[in-house]
Structures are given as C-alpha cells and as structure tokens.
Amino acid sequence: NAGVTQTPKFQVLKTGQSMTLQCAQDMNHNSMYWYRQDPGMGLRLIYYSASEGTTDKGEVPNGYNVSRLNKREFSLRLESAAPSQTSVYFCASSVSLGANYGYTFGSGTRLTVV
Amino acid sequence: DQQVKQNSPSLSVQEGRISILNCDYTNSMFDYFLWYKKYPAEGPTFLISISSIKDKNEDGRFTVFLNKSAKHLSLHIVPSQPGDSAVYFCAASSISNFGNEKLTFGTGTRLTIIP
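Going line by line, the protein sequences match chains H and Z.
If you count the first sequence from 1, position 97 lands on 97 in the working numbering, and the numbers rise without skipping.
If you count the second sequence from 1, position 64 lands on 64 in the working numbering, and the numbers rise without skipping.
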C-alpha cells in the first residue's frame, strides 16, 4: 500500500548511544517532516524538508540531525541519545508545505532511552 | 508557548450521543484548521478541515465549527460510535503566509465511546 514507512517500530537505546530513524514515502511528495509525540505535549515538529535538498529546523530541533537522502527518504539521527528523547516519533509527508495539501503520517517509532 | 490548545485531555460519551471536542488557538495568522484522529500504535489520519473563510464544514457524521472572533473551533460527532474511540488532535496552519504553512498541533483529546 502507498504511504509512509518508518523503521524501526521500536527501539531501546542507552544514554549516549546513537541511532538513525528511517522514513520513506512512495507518494512522490515534495515535503517531509519529523514530529515527536509526548504525553500532554501533542505533536511537536523537530525538522522538516520542504523539498529535496533542503532541510529546516522545527520547534524542537536540539539533539537531532536530519538528512533528505532523496525525494523518497528523510532520516532522523540522534547523535548522543538522552532520556529526554524518549518519545514516539512520527514521519509525515505532503505534496507541498501547505496544510491544505494534507499530511500523511507513518505508524511511528517508539524510542526509549535508558 | 502552546499556540493550539485542547483543554480537555479526555472525554467519555455514550454511544449514539453527540461528542463535542474543543480547540482554542492564539495565533491570529492561522487560516486553515484540521482535525486528525489517532488510534494506538498508528499514525494520525486526517479527518476533516476548515478554511478561515468558512464557519462550518460537514462530512457525514463529522462537523467542524470555526469561531474566528473567539479563536475557537470544535468538532461534533453525531451519532458517536465505538469506532470513534481514539485520540483527536486539532491542528492549525497559516497557508497564506509563506514560511508558516506547516501544521501546529494541539495536545490531543482522548475520546472514549461507551457502548
């Protein structure tokens, strides 16, 4: 089925370890996003990519880096994981940045940092 | 600074009754509003949207109302069904303001439909 695919679905890291969350979409969308969901905080934007070759910071970028590898793929990297980064991470994509185009979300990656 | 607020973390409604979910926003530049629905272990899915040029949009059992002067929107579900049990996120955007088109989400309301 067409959509947004995130890997892995679950991950446990030790403080200080690094990892990369992968995201791929097959809808030929130009824009891609990484959000994190925390209890009582809703979904907060970490980084986004308006189009291939561009990336920009969102609301909570500290501790993360991103790579827009090509039009399909947008990865999120934690260089030195901290317990505060325990969260559920969602990747999303849209035709363009405008919300009226609609965002399609992946099923999420549940990350625990111990 | 939370620009989109959902003040009710949870709501329980009897099956067949009306569910009303509320959302307030502070940024007067927002001109497009959406509701997303999220089931456990899944990503949010789009439910319904409304532009600021309208005050009501209806899609089947779902209706969204927008009160711009009060900076308030609400989602009505009539009649409520057990499958409606989920977390609902309100989201807003400024699609006419270049650079601010991205979605800003509220904190979510967990709706439970009681059979």
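Source of the hints: derived by calculation from the structure; they are not laboratory data.
Please note that the accuracy of each hint is not assured.
[As the list claims (entries may be wrong)] As a list, the in silico DSBU-like pairs of lysine-lysine whose alpha-carbon atoms are at most 35 Å apart:
id, chain 1, residue 1, chain 2, residue 2
1, H, K14, Z, K5
2, Z, K56, Z, K37
3, Z, K71, H, K57
4, Z, K56, H, K14
5, H, K9, Z, K37
[Claimed, not checked] Not the full set, but computed from the structure, chain H residues with beta-carbon under 7 Å of chain Z:
id, residue
6, G42
7, A82
8, T86
9, F90
10, A99
11, G106
Yeah, the Cβ is synthetic: ideal placement off N, Cα and C, and Gly gets one too.
A quick look at each hint next to the structure:
Of the supplied pair hints, the one linking K14 (chain H) and K5 (chain Z) holds, its CA atoms being roughly 33 Å apart against a limit of 35 Å. With a C-alpha separation of about 19 Å, the suggested pairing of K56 (chain Z) with K37 (chain Z) holds against the 35 Å cut-off. Straight-line distance between C-alpha atoms of K71 (chain Z) and K57 (chain H) comes to about 27 Å, which keeps the hinted pair within the 35 Å bound. Between K56 (chain Z) and K14 (chain H), the direct Cα distance comes to roughly 49 Å. Violation of the 35 Å bound is thereby established for this hinted pair.
This hinted pair checks out: K9 (chain H) and K37 (chain Z) have alpha carbons roughly 20 Å apart, not beyond 35 Å. For G42 (chain H), the shortest C-beta to C-beta distance to chain Z is roughly 4 Å, which falls under 7 Å, so the interface hint holds. Given hint, A82 (chain H) at the interface with chain Z, is violated; its Cβ is 23 Å from that chain's nearest Cβ, farther than 7 Å. Contact between T86 (chain H) and chain Z, as hinted, is not supported at the beta carbon level, the nearest pair being about 17 Å apart and thus beyond 7 Å.
Proximity of F90 (chain H) to chain Z holds as hinted, the smallest CB-CB distance being about 5 Å (cut-off 7 Å). Below 7 Å, beta-carbon pairs count as interface contacts, and A99 (chain H) has one with chain Z at about 3 Å; its hint therefore holds. With a cut of 7 Å, the hint placing G106 (chain H) at the interface with chain Z holds, because the nearest CB-to-CB distance is about 5 Å.
In summary, the structure is inconsistent with hints 4, 7, 8 from the numbered list given earlier, while agreeing with the others.
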